[in-house]
Each structure stands twice: as structure tokens, then as C-alpha cells.
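Read top to bottom, the protein sequences are chains A and B. Numbered per this note's numbering, the first sequence spans residues 879 to 1202. Numbered per this note's numbering, the second sequence spans residues 879 to 1202.
Hints are supplied without guarantee of correctness; some may be wrong.
Copies of the same chain look alike in the list, so a pair counts if it works inside one copy or between any two.
In silico SDA-like links for lysine to any residue, alpha-carbon gap of 25 Å or less [unchecked claim]:
id, residue 1, residue 2
1, K1041, A1096
2, K899, Y1190
3, K1181, D1128
4, K1091, G1149
5, K1181, L1200
6, K1029, M1094
7, K1029, V1047
8, K898, M1194
9, K1029, M1040
10, K1183, Q1201
11, K1041, H1054
12, K1183, A1198
13, K1041, E1098
14, K1184, S911
15, K898, A1195
16, K1181, A1195
17, K899, G1158
18, K1041, G1097
19, K1063, A1039
20, K930, M1094
21, K1091, Q1201
22, K946, A1170
23, K1081, Y896
Derived from the structure by calculation, the hints contain no laboratory data. Computed from a prediction, not measured in an experiment: that's the story for all the values here.
Number of protein chains: 2
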Amino acid sequence: MSRILILSCGTRDLLVRYFKKSSFEKVVGADCSELAPALYEADAHYLIPRMKDPGYFDAVFAICEKEKINVVLPLQEDELNLIAENRRRFEDRGILAVVSPVEVLNLCRDKYAFYKYMKGKGTAVLPTYDSISDFEKAFSDHEIEFPVFVKPVRGAGSIGAMKVTCMEVLKALFEHSEEPLLVQKLCEGREFGIDLYVDLISKRPVDFFAKEKLRMRAGETEKSVTSTDPILKEFVLRAVQNLAVAGPIDMDVFFQDGQYYLSEINPRFGGGFPHAYVSGMNTPEYIARNAAGWENESYLEIKRKKLYVLKYSDVMAIEAPLQS
Amino acid sequence: MSRILILSCGTRDLLVRYFKKSSFEKVVGADCSELAPALYEADAHYLIPRMKDPGYFDAVFAICEKEKINVVLPLQEDELNLIAENRRRFEDRGILAVVSPVEVLNLCRDKYAFYKYMKGKGTAVLPTYDSISDFEKAFSDHEIEFPVFVKPVRGAGSIGAMKVTCMEVLKALFEHSEEPLLVQKLCEGREFGIDLYVDLISKRPVDFFAKEKLRMRAGETEKSVTSTDPILKEFVLRAVQNLAVAGPIDMDVFFQDGQYYLSEINPRFGGGFPHAYVSGMNTPEYIARNAAGWENESYLEIKRKKLYVLKYSDVMAIEAPLQS
Chain A
879 MSRILILSCG TRDLLVRYFK KSSFEKVVGA DCSELAPALY EADAHYLIPR MKDPGYFDAV
939 FAICEKEKIN VVLPLQEDEL NLIAENRRRF EDRGILAVVS PVEVLNLCRD KYAFYKYMKG
999 KGTAVLPTYD SISDFEKAFS DHEIEFPVFV KPVRGAGSIG AMKVTCMEVL KALFEHSEEP
1059 LLVQKLCEGR EFGIDLYVDL ISKRPVDFFA KEKLRMRAGE TEKSVTSTDP ILKEFVLRAV
1119 QNLAVAGPID MDVFFQDGQY YLSEINPRFG GGFPHAYVSG MNTPEYIARN AAGWENESYL
1179 EIKRKKLYVL KYSDVMAIEA PLQS
Chain B
879 MSRILILSCG TRDLLVRYFK KSSFEKVVGA DCSELAPALY EADAHYLIPR MKDPGYFDAV
939 FAICEKEKIN VVLPLQEDEL NLIAENRRRF EDRGILAVVS PVEVLNLCRD KYAFYKYMKG
999 KGTAVLPTYD SISDFEKAFS DHEIEFPVFV KPVRGAGSIG AMKVTCMEVL KALFEHSEEP
1059 LLVQKLCEGR EFGIDLYVDL ISKRPVDFFA KEKLRMRAGE TEKSVTSTDP ILKEFVLRAV
1119 QNLAVAGPID MDVFFQDGQY YLSEINPRFG GGFPHAYVSG MNTPEYIARN AAGWENESYL
1179 EIKRKKLYVL KYSDVMAIEA PLQS
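Construct the complete structure from the given sequences, taking the supplied hints into account.
Right under this line is the structure:
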């Protein structure tokens, strides 16, 4: 029987509940804020220092020892890297770190390197430029036109992303930005979110789920509907063959002019995972089986019912938040 | 026993549940989108035309007749006005419209008129200007300084609102904006959200709840904590004496430099109402009593426990959305 520590559990209340329904014996939540509601869903919960604090690993390992943790699951971008870079320290304690290799994490976060790499592997990706001169050349060659989409080369979610309609504004942004930017073809077609589980032992994709995003709000999917297009599944499974991702994976795919384009890969549980879960994709259980030393069988051929999944807000009321 | 129709129920799943727990015999939800999750919480649900569609009232009155509705509750800004303007048509059918008078709605939506009115009544409000020349005069008189807050004179939530740090950008915004703007002192102090119920029969405030907003996201309160400051309560109750508001009221108040300032009044259920409800403010029941012809007793002196309320996302999965 395994015991899992979920790091930066934040507002992932549903995810914690799904783990509690799986065969994990104990689900422990940790966060640096005592106002993270998912903490209070877990069987046990701990306040830990911020990732950059020198006391971070001491606190994490102390929880692991006290709670006899054998699986650790990071959810946030920066924490993925931190845990992957210290994978050996977890392994030395008999703890499985559910995270892709560091090189894959870095490639997925550097959106321009990712574009070049995936394009080189023959995956359809949206035309992307990391300098204003490259963009101007492509623009004068009629390879791309306005409006375009501008975002930081390294970035999470929709932070700092915007639509730009003319060269003047684009140049001003590139001149004044404090961080490297990239320009991408603006995709106004349909958008899909993918949940994938790549077995931690066999390294093969075990389950795949696709949903079409029907409405977004502040970078999050508000409403979505199950997609069962076999062409999308084939496109995604072919694309990930080129990357040594492992564990739960979230992907964004666009569909425009009759073709799918890979937009990004986030090697972690996505915020839209509940749609996959209510459709039968039981990633918490796949992780539990891997933690027990078993490979998962493949669920790739399972037919899933068409479901509309609609997000709404619930609240958790706490009288006495955790004290550090 | 009363039966209520909640219009544009949208993502107000918790509110629908609270009404279902009250003494209403039946809670009916309506929305123009079949993907409004709160529809599926209600005892019965209907798709209706958009507010501006000529078939809107026919559809609403048909539901009222079929479901023997005697209370109608609008939630959205535009719908408040529409229902209040047609109050007589509801009254003629024996239906109580839970909404403030049209004049009050108009005053609350025109943020500059609201500022002038409340200031004239002696309520502390944030310095506000509706023309660049007025602002420049106040600026040269050192009455206000940058950064400032710019927002549309008529607007809901945080749409179109932004922080501005210099006169050049401010002037450009006023020149190019398609709608009237106003400039307000930027308040970087603490922010409070108020829930109030003004009895529909006695016209007196019946219950009051205050929370401090601890974290916002995309214009919504993510985390809040109960506030029991008697000075805040007195400030709010004094301010609303000057307005003929009725029913559920949401208010925003700032605290800066040792003083409370009224920011805005939204004469409807606020998105943060669940915090008030879990603290014992049972507005659905107050409405039910008014609908039965009874005045509510006052709960203004009730002491409320300090609670932290933390928002998270839940999902509703639907196989077959409503068809119109």
C-alpha cells in the first residue's frame, strides 16, 4: 500500500479527492500557503517553506519520513524542475518522484526550443519566431500575417500572453520586454486539451483523453466536451513518441484549416484533468500501480462517452487554518 | 409555499443549492446557454432567449405560468434593469420581482453619478473624475497623484479596468476609448465585500455580513476572511440609508489611511455570497418569508464566527444538455 505526498496542492481539491478514492493508503497534501483549500481535503496536511527557501527539502523529507511516503507528486512548473533535479535524493529514500526527466521539462518550458525540436521531428506546430528580424523576414515573405500571438519564451498558463495586430506594437513589445518573447501564428480555430498517462515503468502511453475547449476564462477551461476523433489521438501519440515524458501529461492542440497543430506540452496534471477523470481516466490509480512496481495495461482502445463538463466554484470554510 | 425562478443562473450552482435548502417548494433555473451548470442543479430548468431577443418575456412568462412561479430573481446587471422596468407585468401575474427600483439600479451603474450622489450625502467615497480636464486640475492642485485606476463609467466586474501610471497614457486612453471613462484614486489598502439583505416589505436592512478579501483572481474573490469590525458595519448601514435598495445587495468597500471608503454597490447577489451563507446569512430564506407576505426580523446584532472561505473549482458532467 502506497502513501503519496502532493506538493503545492493549492486549489486542486478534486485531484486530492480522486487520489483519496484510489488505492493509495494515505494522501498527504503540502503547500506554502495555509489558505490552499486542497490541503484540507487530504488525509494529512502540512505547511512547507517556499520552493526557493533553503529549508524546503528538509521540510519535504521530514514529512516523507513521518508519513512513510513512497510517492511524491509535484504539480507546479517550477516545482517539477526542482523535484526532477533532486530525483536521486528521493530514490535514495525509496520514494518514487512522479515527474518527467529534467531535459524534457526544460524543452517543454522553452517554447521556442520546443517548436524547433518538434518541427524537426515532423510534428505539425504553429509557425513561431523568437526575434523581430526573423518575424519581419517571414512577414515580408507572406509566411505569416497579423494578428499574431505574443508570449514569453518561458511562461506558464496565459500569463503575459497577448494578441497583437500591427508591426509597431510588436516592435515596441520586443524592445521593452524584460524577458525573451516569441511571436506565434494566432490560431482562431478550435482548441483541444489532452490528458495522457505515460507509464513510469514501461515508458509507454497507457491512457489518452481528449476534450474540445468550448469556453475559456482567465486561461482556464470553463466548459469542454469530449472529443473522440481518432485522427487527433493518432496525431498526439505520434508526437509524444519523440519525447521521454513520463507520468501525467497535459497537452494543448489547435485545429485550423483542416489540420491539428501541437501548441504545447505540460508534463504534469492539467487544470482540466477532472473532465478526463469523470470520463474514466483514472490516473491516480495508474500512479498507484506503478508505485507498487506493476506496469499498467493499456487503456488506449477504450471508447469514451461524450460528456459536457462545466466548471463552477465551490468553497471550503476553515475556522483555524494550519499554523507553521 | 413559494416557487422561485432564477434568471441567468449561469455558474451559480451554490446559490441554486442554497435556495433548494430553503423553504421554497420549487427552485426553477433559466439561462440562455444550455452549458450553464447551475441549470442542472435546479428542480426544473429551461433554456430561454437572450435578454435582447423579442421572445424573452414570452418565454419567461410561459415558465412562470407552467411552474406556478411567484418569485422571480434576476442576477445579471442588464437583467436587473430589464426585470425592474417590467416589474408591473410581473406584479399583474402575482409575481414578486426581487430587484431594487430602476432609479437605484441606474444610479449604482453610473459610477460617476453614484460618486457625486454618495459624496453629496456625506459618505466617504474615493476621489473620482469623469473628464481629463477635471483630473488635470485636481492633479495640479495635488488632490490626486499617480498611479490611478481607470474604468468605464458603466461597467460590471473588473472588465476594462486598469491601473495607469502617467498622464500620457491616461490622456491616450480618454482620447481613444469608445465609451466614457472615469479616473479614480488607486486604492492599495485592504478591500472588503459586504452582503446585505434589505427587507422587501419593511424596506429596512435585515442582515449584514462583511468579509475581507485576501486574494482576488480575474475580478473574483478567491480567499476571504470574516470581518466583524463594528465601524465597518456602521459605515455601511449609514451609507445605504440614502438609497432605496431592496433585496440582496453586494457592496465593495476599501480601507485606507485609517478610513473606510465606499467603492460600489451592486444591487444583486454577489459572487462572494457563499461566504455569507456558510456564516449563517440565509438570504434565500429571507426572500421566501417576504414572498409569503411576512417581514423578516432583524439579524443585524448576530455575532458571526471568524471563518476563512477558500474557493476551488468543481465540475458538473452532463451527457445531454438541454435542447431549446
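Enumerate the violated hints, using their earlier numbering and listing them in ascending order. Per hint list: zero violations.
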